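K.L.:
Heads up: the sequence lines are chains A and B, in that order. Residue 124 in UniProt numbering sits at position 124 of the first sequence; the count goes up by one each step and never skips. Residue 72 in UniProt numbering sits at position 72 of the second sequence; the count goes up by one each step and never skips.
Please note that a few of the clues may not be correct.
[Stated by the list, open to error] Distance ranges between label pairs, derived from CB positions:
hint, chain 1, residue 1, chain 2, residue 2, range
1, A, Thr-124, B, Gln-164, 23 to 29 Å
2, A, Gln-164, B, Val-130, 48 to 54 Å
3, B, Pro-140, A, Ser-55, 46 to 52 Å
4, B, Gln-43, A, Arg-65, 42 to 48 Å
5, A, Arg-65, B, Arg-56, 15 to 21 Å
6, B, Leu-163, A, Asp-73, 50 to 56 Å
7, B, Pro-140, A, Glu-93, 40 to 46 Å
8, A, Arg-65, B, Val-130, 37 to 43 Å
9, A, Ile-173, B, Val-130, 30 to 36 Å
10, A, Gln-164, B, Thr-106, 43 to 49 Å
11, A, Lys-125, B, Pro-156, 22 to 28 Å
12, B, Gln-164, A, Lys-170, 51 to 57 Å
[What the hints assert, rightly or not] Among chain A residues calculated to face chain B with C-beta under 7 Å, some are:
hint, residue
13, Val-41
14, Gln-44
15, Glu-46
16, Val-66
17, Leu-81
18, Asn-91
[To be verified] For lysine-lysine, the following DSBU-like pairs were computed, each having C-alpha atoms within a straight-line distance of at most 30 Å:
hint, chain 1, residue 1, chain 2, residue 2
19, B, Lys-110, A, Lys-110
20, B, Lys-63, A, Lys-75
21, B, Lys-63, B, Lys-170
22, B, Lys-125, B, Lys-70
23, A, Lys-165, A, Lys-75
24, B, Lys-110, A, Lys-70
25, B, Lys-170, A, Lys-75
26, A, Lys-125, A, Lys-75
27, B, Lys-51, B, Lys-75
28, A, Lys-150, A, Lys-170
29, A, Lys-170, A, Lys-68
30, B, Lys-75, B, Lys-125
31, A, Lys-168, B, Lys-168
32, A, Lys-170, B, Lys-125
33, B, Lys-75, A, Lys-63
34, B, Lys-68, A, Lys-170
Since the hints were derived computationally from the structure, they do not count as laboratory data. For clarity, every value in this text was computed on a predicted model and none was experimentally measured. Beta carbons: idealized from backbone N, C-alpha and C, even for Gly.
2 protein chains.
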Amino acid sequence: MSEKQEEIVEDSVVDSTEETEQAVSVDSVEEVVEVDELTLVKQQLEEEQDKAIRSRADFENYKRRVQKDKEADYKYRAQPLLLDILPVLDNFERALAVNATTEEATSLVKGVEMVYRTLLDAVTKEGLEVIEAEGVAFDPNFHQAVMQEKDDSKEPGIVLQELQKGYKLKDRILRPSMVKVNE
Amino acid sequence: MSEKQEEIVEDSVVDSTEETEQAVSVDSVEEVVEVDELTLVKQQLEEEQDKAIRSRADFENYKRRVQKDKEADYKYRAQPLLLDILPVLDNFERALAVNATTEEATSLVKGVEMVYRTLLDAVTKEGLEVIEAEGVAFDPNFHQAVMQEKDDSKEPGIVLQELQKGYKLKDRILRPSMVKVNE
């Protein structure tokens, strides 16, 4: 309440009933203003509280999403390097496919096999797995058919031969197997 | 204002100045209560607003930290696999150190060199680097001294020989070089 309005109230009490009536009237207008400010502030408070609830929820959602992203990042962290290592594994297989005839070559091949095994251990530890192919039913999610053949001794739709190994990282296909399928 | 109090105000206006005085007095007590609630709600509003500012700041800090963590995770994502590949690189070097005499062995070594190069390309792409050793000043942050020798033709404290390659992933040492140092 302003100073001026307080003066009016005091005057009214001292002077007359009529004046007092006026004073009460002023006072009740003043009260409406007070109530209005209170309502307004209460509204603001409520809005602020609603906002707080929403932003707490946003924060929690964000944290959950971050955690999920982090887990996925962690799970597949080796993917870029593994993708570049797949040709290394292919080359190893090709190098080891030779038939060594001399003792020197045989010993070399043995050495290379050991190196290959160390690399296989390392990539397996990170979650790399060879996709099953030969003898299983062709599945376009895992296999890429590059040839077909008719072998009556085997069921149709069976993978007859694996032409290039396929790999997955945990539940994610990095490269499908290239296969020959029975018609 | 309650109904009962309003009645008192009306009565006072109609009845007498004395009664009116009393009414105004009641009214002003009522006003003090109103103002108190307003002050209280305003205080609550202010607290709520402060809290909102603080939690916005917390959220921003959290986001920044998450971003920083994410960048570090991304930067060093290949570290676990690379650590397991270091022995593979060592074995490659050992396998390639042989002196092939037969044509068969020579061709095999060439094949293995190609495989090694493919692997080196893959790990280099992910940020793996060989630590400089031979001919540079010994630095305990990068080198592990396993032998000492006295070579007067070279400066003291110089790395004379690298016994095992050391590697770093970007700015992080994965394994120091094992070296022979000049006394």
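K.L.:
Take the shortest C-beta to C-beta distance between A/Glu-46 and chain B; is it under 7 Å?
P.N.:
Because about 10 Å separates A/Glu-46 from the closest Cβ in chain B, which is outside the 7 Å limit, the hint is violated.
K.L.:
Tell me if the straight-line CA distance from A/Lys-170 to B/Lys-125 falls inside 30 Å.
P.N.:
holds (23 Å)
K.L.:
Between B/Lys-125 and B/Lys-70, does the CA-CA distance stay at or below 30 Å?
P.N.:
Status holds; Cα separation ~20 Å.
K.L.:
A range of 50 to 56 Å was offered for this pair. Does it hold for the Cβ distance of B/Leu-163 and A/Asp-73?
P.N.:
violated (37 Å)
K.L.:
Close enough to count: is the Cβ of A/Val-66 nearer than 7 Å to one in chain B?
P.N.:
holds (5 Å)
K.L.:
Does the Cβ-Cβ separation between A/Arg-65 and B/Val-130 fall within 37 to 43 Å?
P.N.:
holds (39 Å)
K.L.:
Would you mind confirming whether the straight-line C-alpha gap from B/Lys-68 to A/Lys-170 stays at or under 30 Å?
P.N.:
Distance of about 27 Å is within 30 Å: holds.
K.L.:
Does the structure keep A/Lys-168 and B/Lys-168 at a Cα separation of 30 Å or less?
P.N.:
holds (28 Å)
K.L.:
Could one say that the CB atoms of B/Gln-164 and A/Lys-170 fall in the range 51 to 57 Å?
P.N.:
Hint violated: Cβ distance 33 Å, outside 51 to 57 Å.
K.L.:
Just to be careful: measuring from the Cβ of A/Leu-81 to every Cβ in chain B, is the smallest value less than 7 Å?
P.N.:
Cβ of A/Leu-81 sits 5 Å from chain B, so the hint holds.
K.L.:
May I ask you to test the hint 40 to 46 Å on the CB atoms belonging to B/Pro-140 and A/Glu-93?
P.N.:
holds (42 Å)
K.L.:
Quick check on A/Asn-91 please, does its C-beta sit within 7 Å of some C-beta on chain B?
P.N.:
This hint holds: A/Asn-91 lies near chain B, its Cβ roughly 4 Å from the closest one there, short of 7 Å.
In summary, the structure is inconsistent with hints 2, 4, 6, 10, 11, 12, 15, 24, 27, 28 from the numbered list given earlier, while agreeing with the others.
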